[in-house]
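With chain A's structure known, arrange chain B on it following the hints.
As given, the protein sequences belong to chains A and B, one line each in that order.
Using the numbering used here, read the first sequence as starting at 364 and increasing by one per residue.
Using the numbering used here, read the second sequence as starting at 364 and increasing by one per residue.
Calculated directly from the structure, the hints in this document are not laboratory data.
C-beta: ideal position from N, C-alpha, C; glycine also.
Listed below are several chain A residues computed to face chain B (Cβ distance under 10 Å; list not exhaustive): (1) MET473; (2) TYR555; (3) ALA585; (4) ARG773.
Label-pair distances were calculated between CB atoms; the ranges are: (5) B/THR670 to A/SER457: 29 to 35 Å; (6) B/GLU685 to A/GLY634: 43 to 49 Å; (7) A/ASP414 to B/THR670: 16 to 22 Å; (8) B/ALA697 to A/ALA391: 38 to 44 Å; (9) B/SER628 to A/HIS671: 47 to 53 Å; (10) A/SER674 to B/ARG423: 24 to 30 Å; (11) A/ALA465 to B/ALA689: 26 to 32 Å.
Number of protein chains: 2
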Amino acid sequence: MSIDKPLHQLGLAEAARLIASGALTSEALVTACLGRIEAREAVLQAWSSIDPEHALAQARACDAGPPRGLLHGVPIGVKDVLDTFDMPTEMGSSIYKGLRPAWDASCVAMARAAGAVILGKTVTCEFAGMAPGATTNPHDASRTPGGSSSGSGAAVADFMVPLAFGTQTGGSVLRPASFCGVIGFKPTFGTYNRAGVKFAAESLDTIGLIARELDDLALMNAVLTNSAAIAPAFPQTRLRIGVCQTYLWHKAEPASRAALERSVSAARDAGAHVEEFVLPPPFSQLTETREILNNVERARSLAHEWTHHRSQISPALTRSVELGLATSDDQYRAALRLAEWCRLELDTMFNSVDVLLAPSANGEAPEGIAYAGDPSFQGLWTLLHVPTISLPAGKGPHGMPVGVQMIAPRYGDRKLLDAAHWLIARAGVHGQME
Amino acid sequence: MSIDKPLHQLGLAEAARLIASGALTSEALVTACLGRIEAREAVLQAWSSIDPEHALAQARACDAGPPRGLLHGVPIGVKDVLDTFDMPTEMGSSIYKGLRPAWDASCVAMARAAGAVILGKTVTCEFAGMAPGATTNPHDASRTPGGSSSGSGAAVADFMVPLAFGTQTGGSVLRPASFCGVIGFKPTFGTYNRAGVKFAAESLDTIGLIARELDDLALMNAVLTNSAAIAPAFPQTRLRIGVCQTYLWHKAEPASRAALERSVSAARDAGAHVEEFVLPPPFSQLTETREILNNVERARSLAHEWTHHRSQISPALTRSVELGLATSDDQYRAALRLAEWCRLELDTMFNSVDVLLAPSANGEAPEGIAYAGDPSFQGLWTLLHVPTISLPAGKGPHGMPVGVQMIAPRYGDRKLLDAAHWLIARAGVHGQME
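For reference, chain A alone in the conformation it holds in the complex:
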């Protein structure tokens, strides 16, 4: 096999194949990624901790040993709310400066057991919330990369690493993917085991993936679900797409509306059945419902930090905890029940369509890095526990990436990856960074 691009631009699956074939060493690949980081990190600030020697040592161990699994020798980034036994886990908070957990988070351990090199930890907003770090958008350093998986989005988009883990409680995987022009995937709630994750809000927190290529998500999905690696395939029947503007359509900027419309037209032209998909009235409470759960559960999960380290908690998170503490348990339980009702209703509504298309985010990445953007368009689906993916779908008026979001029913993760493959390959929605 010959390699027709700079090594740091290789995708995860492609690199794994090259390493397995002997055409590439893990050390060469990791060296290339570290070189890219060396060149660009001063501007991007995507990594909260990275130790080149440790990364190279992992790579050399892969090269020296027998194949360990599907990810043998390929580097990945890990959002810094996921525990790693050999690197700090600081969670974007000064409270945990230098903390070294005793273990790897489940997803990190499973990736490592499959041969992955943990390249480093990527910058997260404070406790996967709203207060961002210093990361900038690779397309324009004056703009946010989105959050809270800020470093994972920026590092993947800037070709520093082919894939990175994120977590999504509101829109923390899909929004940075959309803003940075890469693919973000949040599986069905509960799919990737959460042992070793610092909880933000446990009824919402979902581990997800950011990558440049769909095959790479499918490969990592196989590893984290202990399944055979099967590349996405075209759906066997005509794809039925529901176009879901959602009750948030008034927040969609022209760039996001146009991206959705272009994607829908392309899908129709390529042969999909397309129909309008309207969420019934109770769904319009889901944004507020998600905020209730988020605030109450954050207040509880941060009870220790609230007692012992309150002065080190940001004003934004302080506000969230205070709102959570002021919410009655009855309100909290009512929010849980409404969310469950909507999940079951949506299950039924999916009888008439295979997947939905919806906006990924309000629009392009906003200017400045102090605000990581509005999580509404992603948070709705997070609360509904459905698998969802953001695909790059063109540029907005400022030349920044804009995404389109595809959603499948709960447990329809494979179906979602297949439909996304079809949308990219047959309907020509970009599906990867320009």
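What follows is chain B alone, placed relative to chain A:
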């Protein structure tokens, strides 16, 4: 207020009232509990770590300072799978000997913020699973106290501490409560925040409480749900009880059958409406379904330990991980879906009754301490995510305690505590240790 019993026998709510009134100091209470431990721990082996000086320092700080909350000055025990920042958290595994987490688990932090003294950590089976520690049953040291919250059950039953935290993935709170003759309460899944819990199986793991008195559970429940403290009250309407033998009735020993029958008769005599409650056929798959989820999720949550410390994992847990790794993701997802279907079906079935009565466990605590007993009668309800409580309901042929289990619909936690109060006060089911 005068105190009419030895201090170590005080309940949590009673002690909190006495401390608040000035009739008792935290130091005196903690000293009494430590004295009981000193006298009995050689036989019971209920504590994995306890530091009397540290416990007394917490007590003195309470006595010296302003009231902190509902639990001001009262001691509690904490199962050793729950993180504590000031004590080791070893999870019943030699892998984590001496581990000191950076934080308190959410429930520990919330209890501390309400004024509780963390007396020490209680013995758990290995990673809250099947391989027990050295704890013995306070009623007969040749018998198991049950598990995996072995130390919490034994310490509370032996009057070492008025209340202790446990976790239940199968039957790990209710079975030790039943075997030790105390009350075990597992709230609706997700009720007590799980930040800082080492996951066994995250779709099942539920933090629960073990105490000698119902009021004590209600008080701690208020603290952990950030609610006002309201003692259990009689239901306002005639209690409708469904008698549920379950598909496991063939496993119920005569002692458990008799305990259920006595409780039902007493409830009927006291005025409850009683009817038979039969679980539909799909429910009979729930024991196997729970095992699938347990094995798959344990295999994933222990991925780090499996890679790095496999020789320190017990044969029983090794078998569980191996079964989990051999289970396909499709089987796993089918198990999740069946469980959800049964939960919704049970919601509907609860239209005709307020609570169910069912066996707590197979029977009396088995002989020996190498096997912590069969989790089937508790695990069914754990998987269904419903709140459930085990009440002492007499003795078996060996003079060992036998319990009866009461179950309410999901989110009906308060209703359950009220119905249990009625059953104890009006129907005369013991409700506390003899």
